[in-house]
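**Q** Take the given structure of chain W and dock chain Y to it, following the hints.
Top to bottom, those sequences are chains W and Y. If you count the first sequence from 1, you need to add 344 to reach the numbering used here. If you count the second sequence from 1, you need to add 266 to reach the numbering used here.
One thing to keep in mind: the hints can contain errors.
The list that follows gives simulated cross-link-like pairs (lysine-lysine, PhoX-like), each with its CA atoms no further than 25 Å apart [unchecked claim]:
1. W:K602 with Y:K463
2. W:K353 with W:K436
3. W:K471 with W:K457
4. W:K353 with W:K602
5. W:K489 with Y:K286
6. W:K584 with W:K545
7. Y:K286 with W:K457
8. W:K489 with W:K548
9. W:K457 with W:K432
In short, the hints are calculated from the structure, not lab data. Keep in mind the model is a prediction, meaning the values are calculated, not measured.
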Amino acid sequence: MSDLVLDIKDLSLSFETEGSSASILKNVELQIGPGEIVGLVGESGSGKSVTALAISKLLPTRITKFSSGSILFNGIDILLSSESEVAKLRGKRIGFVFQEPMTALNPTMTIGKQLFHVIRRHSELTKAEAIAKVRFHLEEVLIAKPEIVENQYPFQLSGGMRQRVVIAMAMAANPTLLIADEPTTALDVTVQAEILNLIAKLAKDHGTAVLLISHDLGVIAQSCSRVTVLYAGEVVESGKVSEVLRAPLHPYTQALIKSLPDIADRDRSLETIAGEFPDLRNRPEGCIYAPRCPKKFDACDVRPMLHIAKDLHSVSCWGVETVAKL
Amino acid sequence: MTENILQVSDLNKTFHFKTKSVKHANHAVSDVSFDIKQGEVFGLVGESGSGKSTIANLLMNLESVDSGEIIFNGQTIAGADSKNVFPYGDIQIVFQDPRSSLDPRMSIRQIIEEPLRFVSAEKRARLSGPDNILTLIRAVGLREEHLERKPHQFSGGQRQRVAIARALVTRPKLVVLDEPTSALDISVQAQVINLLKSLQQEFGLTYLFISHNMGVVKYLCDRIGVLNQGKLVEVATNDEIFNRPTHEYTKRLLSSVPTMFQER
Chain W
345 MSDLVLDIKD
355 LSLSFETEGS
365 SASILKNVEL
375 QIGPGEIVGL
385 VGESGSGKSV
395 TALAISKLLP
405 TRITKFSSGS
415 ILFNGIDILL
425 SSESEVAKLR
435 GKRIGFVFQE
445 PMTALNPTMT
455 IGKQLFHVIR
465 RHSELTKAEA
475 IAKVRFHLEE
485 VLIAKPEIVE
495 NQYPFQLSGG
505 MRQRVVIAMA
515 MAANPTLLIA
525 DEPTTALDVT
535 VQAEILNLIA
545 KLAKDHGTAV
555 LLISHDLGVI
565 AQSCSRVTVL
575 YAGEVVESGK
585 VSEVLRAPLH
595 PYTQALIKSL
605 PDIADRDRSL
615 ETIAGEFPDL
625 RNRPEGCIYA
635 PRCPKKFDAC
645 DVRPMLHIAK
655 DLHSVSCWGV
665 ETVAKL
Chain Y
267 MTENILQVSD
277 LNKTFHFKTK
287 SVKHANHAVS
297 DVSFDIKQGE
307 VFGLVGESGS
317 GKSTIANLLM
327 NLESVDSGEI
337 IFNGQTIAGA
347 DSKNVFPYGD
357 IQIVFQDPRS
367 SLDPRMSIRQ
377 IIEEPLRFVS
387 AEKRARLSGP
397 DNILTLIRAV
407 GLREEHLERK
417 PHQFSGGQRQ
427 RVAIARALVT
437 RPKLVVLDEP
447 TSALDISVQA
457 QVINLLKSLQ
467 QEFGLTYLFI
477 SHNMGVVKYL
487 CDRIGVLNQG
497 KLVEVATNDE
507 IFNRPTHEYT
517 KRLLSSVPTM
527 FQER
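Excised from the complex, chain W in its bound form (with noise of 0.2 Å):
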């Protein structure tokens, strides 16, 4: 028995519609220990959401055909579970933050009518309990005065005090897993840093595991302890933060950090990578990033799978020497 909090293995999905077939996930890899905050990072169209939304089983059912793996949650298998069965998870046991406060909250209800409902709906408490507990809930997120925030309505507050009384709705059941989708991307540098921090803080005091989705490697390399790297709906590296991304082992990643202005000489360009994103719908046959890898050699026609480069730190590309399989 493991004591992973989310536990996925070799996911696969594809999303079908009438007459074409992208796939979407490819052999997905992703563990979760309580308390640890696990960054998942990759461009748009990596499928960093659809994970997310897979692990809730909120992806829409008609298209989406799941053809590999497992996600378990506690030891239970997701994919195998019922829709009522999972419905009593979300809210409950996985918590939700998304990139937007504003669409996330009740334009018309008040803060504290939004928060006592989630309370009422997870819990066992009273009515008269569930008004009392609404302001330890917003006190715990940090919020100064919240007698009169919780009286407030959405559009009153500034969009770091929305992110935080999302955040309180998420953990008012006191979930086990915390996905936060882009938390922070809405939000200003100095709000976001709060963000992170308040995150941080809570996945301490409760052992919560936090899904940290961010394209922003700053955000992930401040909050994360492990990270992994997604490309074209496949794991193309994995580890922790200080190997994967100081370190790192596969070109993909050494190319999307090189690219970014930070701590490049003004005087030269900014490394870019060639050619495009790969057609979903086509997947080439070996490696997915071979296409526009600039170590591209025989090998990479077949596709490698993840495997252990150094302790932990995994990686798919065959350039890099095996330790042990994964």
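**A** Quick look at chain Y alone, frame taken from chain W:
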């Protein structure tokens, strides 16, 4: 001595609005002064609500100034002494999101040619020929056959290239870039930044670069103005802002930026 292409002095803009019959005033821009030299990249940084985009809109004559003055290329274009003659074509803008700034019904050729409607007949005759359009589409890294396509056939990065070509078609003296890479992926952002840099050299352009991304600003800008709640709190060279910031707000802004290049 290098000449100032733009001089902004004591610029003020207040927006008035009413909620539940209570009047509010938002001082979006207060007493902002700065100048931009010919050929430089001047950065304006700040958080949302700091007045970055309002300043861009005032420069583009999309909003009128309450007080203060904007002198462009020796001519007062906004303020008390302005002759209400806006130098269309000499100042151009590239917006953040190329998905919304390009008309989906127009071909790429029509989009790129459109600003020429607002320049003098003489300039229009000189610039609307196929040579100029071809030079531009190639300069931004697209191909001739792309000209007859529609925006929806392009990726975000390619659309931003089209928006840049549209801005350059009139051979502007100043290009305002309002968060031009914020809607793009990291690898695409790098391509667009390289493009902006090479175009600046090729066409001898002057940029006003508006961004909240300190990494991009550090890479591209020669001088930087830091905005906080409508006020310009610090204007200094790239080196001074990033290595010896003097204002408290600049220091706070810089320390908030999450970076992978420092120890946690």
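**Q** Regarding the pair K471 of chain W and K457 of chain W, is the alpha-carbon distance no greater than 25 Å?
**A** Answer holds: K471 of chain W to K457 of chain W is near 11 Å, not above 25 Å.
**Q** Would you mind confirming whether the straight-line C-alpha gap from K457 of chain W to K432 of chain W stays at or under 25 Å?
**A** 22 Å, holds
**Q** For the pair supplied as a hint, K353 of chain W and K602 of chain W, is the alpha-carbon distance within the 25 Å limit?
**A** 30 Å, violated
**Q** Is K602 of chain W within 25 Å of K463 of chain Y, Cα to Cα?
**A** Roughly 17 Å between the alpha carbons, so the hint for K602 of chain W and K463 of chain Y holds.
**Q** Would you mind confirming whether the straight-line C-alpha gap from K584 of chain W to K545 of chain W stays at or under 25 Å?
**A** 20 Å, holds
**Q** Holds or violated: K489 of chain W with K286 of chain Y, Cα cutoff 25 Å?
**A** 23 Å, holds
**Q** Is K489 of chain W within 25 Å of K548 of chain W, Cα to Cα?
**A** Cα-Cα ~24 Å, so holds.
**Q** Would you mind confirming whether the straight-line C-alpha gap from K286 of chain Y to K457 of chain W stays at or under 25 Å?
**A** 23 Å, holds
**Q** Quick one, are K353 of chain W and K436 of chain W close enough, alpha carbons at most 25 Å?
**A** Roughly 23 Å separates the two Cα atoms, so the pair holds.
Of the numbered hints stated above, the single one contradicted by the structure is hint 4.
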